[in-house]
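Dock chain to chain to rebuild the complex, using the hints, since each chain is given by itself in its own frame.
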Amino acid sequence: MRVLVGTRKGTFFVEKADGSWRPRLVGHAGVGVNFVVQDPNSGALWAALGHGHWGAKLSRSTDGGATWTDAAQIKYPSGARYLAPPDPDPNASEEDMKKGPVLRDATLLKLWVIAFGAPGHIHVGTIPGGLFSSDDDGQSFQLNLPLWNHESRGGDLFAGPGTGKTHWFGTPASDGEFAAGIHSIVVDPQRPGRMLVAVSTAGVLETQDGGQTWRGRNQGMLNDYLPEPAAEWGHDPHFIAQCAAQPEHVWQQNHSGVFYSADGAQTWRKVSHPEQGVHFGFPVAVDEQDGKTAWLVPGKADMQRMAIDGKLFVARTRDGGQTWQELRRGLPQENAYDVVYRHALANSGSCLAFGSTTGNLYLSEDDGDSWTCVANNLPPIYSVRFG
Amino acid sequence: MAGVRPRHFPALPLARGEALGPFDGIGHSSVMATVEITKHLWEFLPTLRGKTLTVEASSVAEVVREVERIAPGFTYYICDERGCLRTHVNIFVGQERILDRTRLSDPVEPDSRVLIMQALSGG
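Residue numbers (my numbering), protein chains in the order written: chain A, 1 to 387; chain B, 1 to 123.
Note that these hints are calculated values from the structure, not bench results.
In this text, a Cβ means the ideal position worked out from N, Cα and C, and glycines have one as well.
All the given hints hold, so there is nothing to weed out.
Pairs of lysine-lysine, BS3-like flavour, derived with a Cα cap of 30 Å:
(1) A:Lys9 with A:Lys300
(2) A:Lys165 with A:Lys75
(3) A:Lys270 with A:Lys300
(4) B:Lys51 with A:Lys9
(5) A:Lys9 with A:Lys311
(6) B:Lys39 with B:Lys51
(7) A:Lys16 with A:Lys311
(8) B:Lys39 with A:Lys9
(9) A:Lys165 with A:Lys98
(10) A:Lys311 with A:Lys270
(11) A:Lys75 with B:Lys39
(12) B:Lys51 with A:Lys75
Non-contacting residues of chain A with respect to chain B, defined by C-beta distances greater than 12 Å in every case (computed):
(13) Gly19
(14) Asp89
(15) Gly211
(16) Gly216
(17) Asp224
(18) Gln333
Next up, chain B with everything else stripped away, as it sits in the complex (with noise of 0.2 Å):
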C-alpha cells in the first residue's frame, strides 16, 4: 500500500505532561519537533515517564536520536540492528504515517508532532 497514506487512526494513550528540552547543539537548519511517545514504553524507559519531549531536528531518524539521547536504549525499542522500523511499531508525523521504515528519512517541519507508537496490528 505504498503511497497511500491514511488520516485517521483510533487514539492510542501517549505521553503527555511535563515538557523536556529543547537541547543545545543541534544541526541549524533544524526545526523543533514534540515528540510523543507511548506509555507502554515509559515501563522500559523511566526516564520518558510523563514527558512531552521537544527536539530539534529536521528528519524522524534525527527525532529518533536526540530521544536516543535522552533515554539510551530507545532505539533499540523502535529499531532493529540495522535502524529499520520494527514490524509492530508506527511513527507519525502529524497526521501521517511515516513511509520511509527503513532509513526514517520522512521529513519533519516546523513545529510537527511526532507520535511514536505499537502499531495497530491486533492480536
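One chain only, chain A, in its complex shape (with noise of 0.2 Å):
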C-alpha cells in the first residue's frame, strides 16, 4: 500500500520499505497538484493539476506514476454561462447597480476532485461549478448538463437569460473568481446511478438516474450564519464521504459543523461537540465496513483556520457522532499550526494518513489510535488518498 500525496509543487509518493514509510517526488515537479488517485477499476494514476500560467489540466499516469501524460483535457462547450455578481464599478448608474447577477462565460478555472464509478465511469468536480463525467474511461469528458442548468442556478442559460437568480454562490478557492466549486463526488457502489455532489457554496445535491435528473439534499442543515439557517440553499459543505459498505451512511464536515445522514442525505443532523473542539474543519473520512465510524481533523472556526491552541488531534466517532475520541499520541502538542485541506485526510483499511500546509504527512496504522509523522518538508498539501 501507498499513499498518493498531491501538493502546491508536485505529486509524492509515501510508501513503506523496510519497517518505515518514506516520501519520494513521482511527477508533476513544480505544478500545483490539487488532487491524485487511483481508478480501482483500470489502475490508471489520475490528477488534477493547476498550472500557474497554462491553466487546468488533467494528467494520467498508465504505469504506476514512473510516466505522467496530459490526458483527454476538460474544456465548458461554447455559451456554458453562469450567474455571478456584477463587478463593483464605481461609475454605474443606479440602474445598472441594482439589475443583480450577470451572466459570466464559463471556463475551466480549477479541477477539484476526481471520482470513479462503474468500470470506464470518470467523474470530476470543477471551479465554476461545472460536473464533468466519462463513459469511455476519460478518453473524452462532457458537462453534465442538467446539473449545470440546475434551477437553484438559474436554469437553461445557454438558451437565454434563465430566472437571473442563482443560489450557487463562490468559493475562495477559485483563486480570485467569484464561483462555485464541486469538491466532493460520493459514488454510491451499490447503485452506481446514484450519486451525490457537494457545492461550495450551495450544498448537497442528488441524482439518483445517473446525472439525469438533480435534486437538493440539505434536509436538517444548520448554516449559522444565514438570515435563515434551514434555508434549503447557501450551505457550505467543505467535504462529504460515503461508507463504502454501508452507502446510506453519509458525512459531512460543514463550514457550520458536523452532520451526519443515516439516510442516504435524505437528513441531516447536526454531531459537533464544541467543547471537545468537534465543530470546524474541512476533511472527513468514513470507516469502509462501518458507517457510524468516523475521523476528522478539527481546526479552529473559523477566522482563524488554525490547529486548535497549536495542538493537532484528530477526533473520532464509533457511534454516529454520539461521543467524540481526541486521538493525540504521536501528533504534536505544542506550536502546529497545521491545516488540513478537504482532500487530504484519507483511510484505508485501518491505515488512515493526512497531510497539512504545513508540508507535514502524518499516518497511523491503528485505526488512529497512534500516529508517526512520516514525512516534515513536503510543499503545501492538497490531497491525500490511498492507492
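Written out as C-alpha cells, the structure reads:
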C-alpha cells in the first residue's frame, strides 16, 4: 500500500520499505496538484493539475506513476454561462447597480476532485461548478447539463437569461473569481446511478438516475450565518464522504459544523461537539465497513483556521457522532499550526493518513490510535489518498 | 492601458536551437514567421524542445494554429476554451506585445519574430 500525495509543487508517493514510510517525488515537479487518485477499476493514476500560467490540466499515468502524460482535457462547451455578482463599478448608474447577477462565460478555473463509478466511468468536479463525466475511461469528458442548468443555478443559461437568480455562490478556492466549485463526488457503490455532489457554496445535490435529474439534499442542515439557518440552499459543505459498505451513511464536514446522515443524505443531523473542538474543519473520512465510524481533523473556526491552541488532533467517533475521541498520540501538542485541507485525509482499512499545509504527512496504522509523522518538508499538501 | 505598447521588456529564457519548418499547404498570402516559445512549455510539450519554429502565418491566431499542428495540445496551454489568451501568458510580435488577446488578430509581418512566454506577472 502507498499514499498518493498531491501538493502545491508536485505529486509524491509515500511508501513503506524496511519498516518505515518514505516520501518521494514522482511527477509534476513545480506544478500544483489539487488531487491525485487511483482508478480502482483500471489501476490508472489520475492527477488534477493547476498550472500557474497554463491553466488546469488532467494528467494520467498508466505505469504506476513512472511517467505521466496529459489526458483528455476538460473544457466548458461554447455557450456555457453562469450567474455571478457584477464587478464593482463606481461609474455604474443606480439602475445598473440594481440589476443583480450578470452572466459570465464559463471557462475552466480549477479541477478539484476526481471520482470513479462503474468501470470506465470517471467524474471530475470543477470550478466554476461544472461536473464533467466520462463513460469511455477518460478518453473524453462531457459537462453534465442537468446539473449545470439546475433551477437552483438559474436554469438553462445556454438558452437565454434564465431566472436571473442563483443560489450557488462562490468559493475562495477559485483563486480570485467568485464562482462555485464541486469538491466532493460520492458514487453509491451499490447503485452506480446514484451519486451525491457537494458544492461550495450551495449544498449537497443527489441524482438517482445517472445524472439526468438532480435535487437538493440539505434537509436538516443548519447554517448559522444565514438569515434563515434552515434554508434549502446557501450551505457550505467542506467535504462529504460515504461508507462503502453502508452507503446510506454519509458524513459532512461543513463550515457550520459536523453533520451525519443515516438515510443517504435525505436528512442530516448536526453532531458537532464544540466543547471537544469537534465543529470546524475541512476533511472527513468514513470507515469502509462501519458507517457510524468517522474521523475528522478539527481546526479553530473560522476566522483562524488553525490547529486549536497549537495542538493537533484527530477526532474519531464510532457511534454516529454521539461521542468523539480526541486522538493525539504521536501528533504535535505544542506550536503546531497545521491546517488540513478537505482532500488531505484518507483511510484504508486500519490505516489513516493526513497531510497539512505546512508540508507534514502523518500516518496511523491502528485506526488513528497513534500517529507517526512520515514527512516534514513537503510542499503544502492538497490531497492524500491511498492507492 | 489599451494602446500602450511597451518597447523594453527583460528577456526570458526562450526556446532557441534546431530550426523546424516551414510547413506546406498554408495560406497563399501568408508570410514566414519565426516562433520562439518559452522553455517552460518544453516540459509539457516535448515536441517543442530545443526548436525554433518557422511557420507560414499572417496573424498571431494562425501562428498558434500552426504550432498546434506541431505540438497538439499547445493551444490549450496558452489559451482558454474560448481561444482567449490566458491571463498570465504574453505574446510579442517583434518588440510589440499583442493587443488582441481575445481573437489574436494582430498581424504578422514578413520575417516577424513571434515570442510566446509566461507573462511577467510576478509572485
